[in-house]
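Undergrad: Here are the chains, one letter per residue:
2 protein chains.
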Amino acid sequence: MKHPQSSLPPGFRFHPTDEELILHYLKKKLSSSPFPVSIITDVDIYKFDPWDLPDKAASGEKEWYFFSPRDRKYPNGTRPNRAAASGYWKATGTDKVIVTSSMVDGRGEVQENIAVKKALVFYKGRPPKG
Amino acid sequence: MKHPQSSLPPGFRFHPTDEELILHYLKKKLSSSPFPVSIITDVDIYKFDPWDLPDKAASGEKEWYFFSPRDRKYPNGTRPNRAAASGYWKATGTDKVIVTSSMVDGRGEVQENIAVKKALVFYKGRPPKG
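Sequence lines, in order, name chains P and A.
Counting in UniProt numbering, the first sequence runs from 1 upward without gaps.
Counting in UniProt numbering, the second sequence runs from 1 upward without gaps.
Among the hints, a few may not be true.
Stated by the list, open to error - A short, non-exhaustive set of chain A residues, derived as facing chain P with CB atoms under 10 Å:
#1 Pro16
#2 Tyr25
#3 Tyr65
What the hints assert, rightly or not - Under 7 Å between C-beta atoms, here's a sample of chain A residues computed to sit facing chain P:
#4 Pro9
#5 Phe12
#6 Glu20
#7 Lys27
#8 Ser31
#9 Pro34
#10 Ala83
#11 Ser86
#12 Tyr88
#13 Ala91
#14 Leu120
Hints were generated in silico from the structure; no laboratory data involved.
Cβ atoms here follow ideal geometry from the backbone N, Cα and C, with glycine treated the same way.
The task is simple: from the sequences and hints, build the whole structure.
TA: Structural data, given as structure tokens:
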């Protein structure tokens, strides 16, 4: 395991809020802007099984962060392909909208939806058809 | 409020374990060794009320860390004096022993008690006698 975080002073950890993850990491990733710090590894998580992922993370003890490409089931469709090494990932629960708020001069606070957070569960075996 | 932590990259926070607090911060404080980073302020918390303390912290959103001197009720006694600005602090619950474990060559893991963590509750008004 590589742990760049171990070069941080003791007691410091990468514990981002959803808003920080989107604004400071994912948005910069998408626009190829320079990163504040390379703490999130590029890993195609669908090529692996979940128990192999922690070793591929740049840091973390109970949570691990990755940038992973999305795949589609059908080239022209929108349905995601979430088959993984020896199983598949399936969405569960309710998506959570991630909101950022900013102060606009003279108009008070403005809220903006910036992302949707999905929870996926891993199932062993072949994904069901259809 | 001063927030040195805001100079950290986004998503990084000071979230130490009890063991880290003792070994990397309190022990160094007591031996006047150099610190990894000045994230814990010296504040005599008994001179203030709890709601005034967050502003005096070097960082933190829901938790704040201070080094504070202890005071005694009687010069030759061991009972602590925990009177504060407009009230007093009183111990509650069970003390938690903080343990560190280290590997000793050929003898496996050795555990050592390094500190006791107390929870205090703040009460308004004058401390009860006796």
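Undergrad: Would you mind marking each hint as holding or not holding in the structure?
TA: Evaluated hints:
1. At about 3 Å, the closest approach between the beta carbon of Pro16 (chain A) and any beta carbon in chain P falls short of 10 Å, and the interface hint on this residue holds.
2. Checking Tyr25 (chain A) against chain P by beta carbon gives a least distance of about 7 Å; that is within 10 Å, so the hint holds.
3. Proximity of Tyr65 (chain A) to chain P holds as hinted, the smallest CB-CB distance being about 9 Å (cut-off 10 Å).
4. Taking 7 Å as the C-beta cut-off, the interface hint given for Pro9 (chain A) holds, the closest approach to chain P being about 4 Å.
5. Using the Cβ-Cβ criterion of 7 Å, the hint placing Phe12 (chain A) at the interface with chain P is satisfied: the shortest such distance is roughly 6 Å.
6. Taking 7 Å as the C-beta contact cut-off toward chain P, the hint placing Glu20 (chain A) at the interface holds, the least distance being around 5 Å.
7. Hint status for Lys27 (chain A): violated, given a least beta-carbon distance of 11 Å to chain P, over 7 Å.
8. Annotation: Ser31 (chain A) was flagged as interfacial toward chain P, and the flag is violated, the nearest CB pair being 16 Å apart, outside 7 Å.
9. Interface restraint check: Pro34 (chain A) against chain P, minimum CB-CB distance 12 Å, threshold 7 Å, status violated.
10. Annotation: Ala83 (chain A) was flagged as interfacial toward chain P, and the flag is violated, the nearest CB pair being 30 Å apart, outside 7 Å.
11. Because the closest C-beta pair between Ser86 (chain A) and chain P is about 32 Å apart, greater than 7 Å, the hint is violated.
12. The interface hint given for Tyr88 (chain A) is broken, as the beta carbon of that residue sits about 29 Å from the closest beta carbon of chain P, more than 7 Å.
13. Using the Cβ-Cβ criterion of 7 Å, the hint placing Ala91 (chain A) at the interface with chain P is not satisfied: the shortest such distance is roughly 25 Å.
14. Against a cut-off of 7 Å between C-beta atoms, the interface hint on Leu120 (chain A) is violated, since the closest Cβ of chain P lies about 21 Å away.
Hint compliance for this structure: hints 7, 8, 9, 10, 11, 12, 13 and 14 are broken, all remaining hints hold.
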